[in-house]
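S.K.: Each protein sequence line maps, in turn, to chains X and S. Heads up: the first sequence begins at 117 in the numbering used here, then just goes up one per residue. Heads up: the second sequence begins at 69 in the numbering used here, then just goes up one per residue.
The hints are simulated quantities; they were obtained by calculation from the structure and are not laboratory data. Beta carbons are placed, not taken as given, at the ideal position from N, Cα and C, and that holds for glycine. Misleading hints may appear alongside valid ones.
What the hints assert, rightly or not - Ranges between beta-carbon positions, derived for each pair:
hint	chain 1	residue 1	chain 2	residue 2	range
1	S	T150	X	V199	37 to 43 Å
2	S	T83	X	G145	38 to 44 Å
3	X	K213	S	S137	27 to 33 Å
4	S	R98	X	A121	29 to 35 Å
5	S	P86	X	A121	18 to 24 Å
6	S	D130	X	P195	40 to 46 Å
7	X	P134	S	E127	41 to 47 Å
8	S	S151	X	Y155	24 to 30 Å
9	S	D106	X	G145	26 to 32 Å
10	X	K233	S	G119	44 to 50 Å
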Amino acid sequence: AQSVAQPEDQVNVAEGNPLTVKCTYSVSGNPYLFWYVQYPNRGLQFLLKYITGDNLVKGSYGFEAEFNKSQTSFHLKKPSALVSDSALYFCAVRDIKQGEAAGNKLTFGGGTRVLVKP
Amino acid sequence: DAGITQSPRHKVTETGTPVTLRCHQTENHRYMYWYRQDPGHGLRLIHYSYGVKDTDKGEVSDGYSVSRSKTEDFLLTLESATSSQTSVYFCAISKLGTGGYNEQFFGPGTRLTVL
Numbered sequence: 117a118q119s120v121a122q123p124e125d126q127v128n129v130a131e132g133n134p135l136t137v138k139c140t141y142s143v144s145g146n147p148y149l150f151w152y153v154q155y156p157n158r159g160l161q162f163l164l165k166y167i168t169g170d171n172l173v174k175g176s177y178g179f180e181a182e183f184n185k186s187q188t189s190f191h192l193k194k195p196s197a198l199v200s201d202s203a204l205y206f207c208a209v210r211d212i213k214q215g216e217a218a219g220n221k222l223t224f225g226g227g228t229r230v231l232v233k234p
Numbered sequence: 069d070a071g072i073t074q075s076p077r078h079k080v081t082e083t084g085t086p087v088t089l090r091c092h093q094t095e096n097h098r099y100m101y102w103y104r105q106d107p108g109h110g111l112r113l114i115h116y117s118y119g120v121k122d123t124d125k126g127e128v129s130d131g132y133s134v135s136r137s138k139t140e141d142f143l144l145t146l147e148s149a150t151s152s153q154t155s156v157y158f159c160a161i162s163k164l165g166t167g168g169y170n171e172q173f174f175g176p177g178t179r180l181t182v183l
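Generate coordinates for the entire structure from the input sequences, incorporating the hints supplied.
M.R.: Here it is as structure tokens:
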């Protein structure tokens, strides 16, 4: 079984300050990890992913995420937050072993709302 | 943009009525998914399809059925809607991304209210 936890329902940060959104995961094998963002009244947009390789992954809109295998975490970060970053952020995981036979299914965390204040 | 559209985008219905939501894709992807999004629960998988007439249940499939008679269309049906099915419904497709692994891309969503 695979699972994802986003321990914070909401994160508040001042514009220009660094932003961190936390995510921890559980899979039986190696993880395939994603971050998605949802702006108000929109669908989910892909931000970045981790498969293998460098633990620091860079994505869209200046976001990056750090994979930490020992802590089973994949925290999303942005060095300097913008008001326009205010949105709902979702972390998702798939066990790489799962593959097509199990439908390439993702498991999502509950989401973290980010509010960036001017 | 993975060429995914959903219809209707908004619907209000009454308890006990049947409802069908449509997901349409233009890129002939094999895998399609239906999720519901509720506060505090993130996205939960309802059903998915791995080909024409091939479907399987997700974690919250009770009260929902699906059909896929054509590659491009994946229908979600609530046979008898209940207030607990008030939610935002997202369709997704899975396609090969960089790195050789499948990634999911999402439609714009359908907001369903059951009174």
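S.K.: For every hint, state whether the structure bears it out.
M.R.: For each hint, the structure was consulted:
S/T150 and X/V199 have their C-beta atoms about 39 Å apart, which keeps the hinted 37 to 43 Å range intact. Checked against the hint of 38 to 44 Å, the pair S/T83 and X/G145 passes, with Cβ atoms roughly 43 Å apart. A beta carbon spacing of about 32 Å between X/K213 and S/S137 agrees with the range 27 to 33 Å that was offered as a hint. The supplied range of 29 to 35 Å is met by S/R98 and X/A121, whose beta-carbon atoms lie about 30 Å from each other.
For the hinted restraint 18 to 24 Å between S/P86 and X/A121, the CB-CB distance of approximately 36 Å leaves it violated. The given range of 40 to 46 Å is respected by S/D130 and X/P195, whose C-beta atoms sit roughly 44 Å from each other. Restraint check, X/P134 to S/E127: a C-beta distance of roughly 35 Å breaks the suggested window 41 to 47 Å. Distance hint check: the CB atoms of S/S151 and X/Y155 are about 27 Å apart, consistent with the given range 24 to 30 Å.
The beta-carbon spacing between S/D106 and X/G145, approximately 29 Å, falls within the hinted interval of 26 to 32 Å. Hint check: X/K233 to S/G119, Cβ distance near 48 Å, so the stated range 44 to 50 Å holds.
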